[in-house]
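Chains A and B, in that order, are what the protein sequence lines are.
Taken in order, the first sequence gives residues 1 to 296; the numbers are from the working numbering.
Taken in order, the second sequence gives residues 1 to 444; the numbers are from the working numbering.
Hints are not guaranteed to be accurate.
Cross-link-like lysine-lysine pairs, in silico, DSBU-like; alpha carbons within 30 angstroms at most [claimed, not checked]:
no., chain 1, residue 1, chain 2, residue 2
1, B, Lys308, B, Lys337
2, B, Lys125, B, Lys392
3, A, Lys52, B, Lys125
4, B, Lys240, A, Lys144
5, B, Lys376, A, Lys52
6, B, Lys70, B, Lys240
7, B, Lys156, A, Lys144
8, B, Lys262, B, Lys308
9, B, Lys440, B, Lys76
10, B, Lys199, B, Lys107
11, B, Lys240, B, Lys252
12, B, Lys252, B, Lys125
13, A, Lys144, B, Lys125
14, B, Lys376, B, Lys70
15, B, Lys156, B, Lys337
If we take Cβ atoms under 7 angstroms as the criterion, some of the chain B residues that face chain A in the derived model are [what the hints assert, rightly or not]:
no., residue
16, Asp122
17, Lys125
18, Ala214
19, Ala266
20, Ser270
21, Gln274
22, Lys409
23, Gly420
24, Leu421
25, Gln424
26, Asp427
27, Ala429
28, Gln432
Just so you know, these hints were derived from the structure itself, not from any lab.
Glycine is no exception: its CB is placed at the ideal position from the N, C-alpha and C atoms.
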Amino acid sequence: MARRWRRWLPGLLLVSPSIIAIGLFVYGLIFWNTRVAVSGKHDEITPYGFDKGRNFVDLWSQPSWPGAVQNALVFTVAFVGGALALGAFLAFLMDKGIRAEASLRAIYLFPMAVSFIASGVVWRWLMNPAPPQRAVGLNQLFGKVGLDALANSWWQHPTWGMAAMALPAIWQMSGYVMALYLAGFRAVPEELREAARVDGASEWKVYRHVVFPRLRPVTLSALIILGHISLKVFDLIMAISGKQIITYVPAVATYVEIFDRHDPANGATIATYLLLAVALLVVPYLVWSVRAERTR
Amino acid sequence: MRGRTPRRAPRHTTGRVSRRWKAIAATALGAALVVSGCGGTDDGGDDASQVEVFSWWTGPGEADGLAAMKAEFEKKNPGTKFINAAIAGGSGTQAQAVLASRLQNRKPPDSFQGHAGAELLDYIKAGQIERLDSFFDQNGLRPAYPQQLLQQISYKGHLYSVPVNIHRSNMLWYNPKILDDAGIAGPPKTIAEFITALKAVKARTGKVPLSLGAQWTADHLLENVLLGSLGTDAYNALWKPGADWSSPAVRKALTDFAEIMKYTTAEAASTDWQGASKAVVDGKAAFNIMGDWAYGYFTGSAPNGLGKKVDTDFKYAAAPGTDGTYMWLSDSFTLPKGAPHRAGAIAWLKVAGSREGQDLFNPKKGSIPARTDGNKALYTGYLQYALGEWTKPGIKLAGSFWHGVNAGKKQHTDIDTAVGLFLQNKDVAKLQAALVEAAKNSGQ
């Protein structure tokens, strides 16, 4: 008897504080957030009550919400697509074996160490859309080197502004994606490439048919990581634009609803939608990776 | 953070150690009970041992003003310790988030700062702050303030806060040289003249006619255009229950607003108010409409000011169509229900409402006293003009909606959203519909 509990009890005791902490502060708060989301607490005094999820429907008739969703989608497509493409391209170049690879790798990774809030302040200045006579930042640079045609309104463009907003995020995260891909490239055994070359495959064909297919897990991980960062983006937007409608995204909307509009139920509803959107990405990935591990 | 776990005492310890743990736990629990007993049951009726004053006065000027009032308070109340619980952050966004959680947990400070007027409505409705009618009577404060001001900050006929200072929203700042170049004789007196002047600047100089900053400065512009186009009485009526925002007069004002917006800065969204106001004194823009805190920014010395000279670098006037009206905003102090040191709080409110207290604070902050009997000798330059206007017989008062006087927090945010959407779609009809909706949902 005593032997048996000695086997599992110390382990349980060791992890139980974190189980309790996660249970309380992660799952407990998720539960509480959902509770507020389905309540009718639209100000500080009304009791919580139960609203049958009406908030989840009503939100869509709020004038600022569809725009916030659209902005988040444009941002996500531009950011995830851009960071994946740039990261993969950089890794591809690295993989070809260039000089000073180690220091270049570090340089490309460095931006990730900067917080969005700090880099946002700089990008806010770089992406200033002022006309030529008052131009600063990138527009001024374009003007000086005779590329006036490239000067544009950046994130203040009414339709594609959020794609410009993705530039700082791409700059920041593509080094990380590069590191992921580089590890992926390096995991492809040299023998496979050799074999393909012996069979007469060109260098491009080696990549196309041998290396790239083996990168799918890496791509998927990168997609999930970038995707959930993108959906939750808050600090970058707040640093560059603040709470302006032109760059409104769900995370900013949550903040505005709770702290400016004093509407806890609406804020919690948006937070729940955000959680669902991220879960939509993460849960299939978890299922897939658990399965992959079992079959191993 | 998930991986990090607090260190725990291993379970298989000897009896002696576990007894010690029990003793520590019991002491901690006892201490917690004592502490909560102090804070929870007693409402601090006549506790004047200290006063915790919560504000967001941490910036240059305002922090000095608060320190001067604190010194005055300590001189008058030697037995009461003054605790300055100021939280940084412009217009109190962060401070208000902290305050909301403190009030909900029934741990209020002894007195907190709030913009006088509708911004306090949530606290009033939640029963979180006390009525101050008898405080005003006992201290003879009613005759000291303008009667229109007291009316405009009353909720259902009751007063809930003590105004300390007054800022003015309806100020037009302009660059005299650019006006000369554009052949404009003087500051425009009406909205129509304003639009003509903006056209002239655009046609005859390469400058920005009206400099504008991020979205909220467009809200600020909107309240000034509404006031200038509708007139004071109609503007004030917009904030009464059941107000008619769908009228042709409002449509006219919004059409003017849309017209004026055509002459504003292209890069407005990436500029804050300082950048927008600075464009005028730097000779890049002809006009800017901003509250009178811009004056302190223009004339102050570096690093917080630009060191510019009035009359040569810039001039000022009431915003077009609003001369004779003082669109005001005010910082005020409240008495939370269940304040732990109520007597200390009352002593603080006495200083905040006194002529001496306000005359100590306001010259430093760059605002004027809310009382009408301030010492005129202390206010020079623009402040002399502002105090003259504030106390001028026949001046009409209007509350600034953007700065917390007229609109509760829901309506305030909803109007901001409507303006933000308008900046993108430029659709006046949609803007008006959204404003009607915002007024309907205001719950006032």
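When the structure is checked against the list of hints, which entries are broken? Sort them ascending. Violated hints (numbers, rising): 1, 2, 4, 5, 6, 7, 9, 10, 12, 13, 21, 26, 27, 28; every other hint is consistent with the structure.
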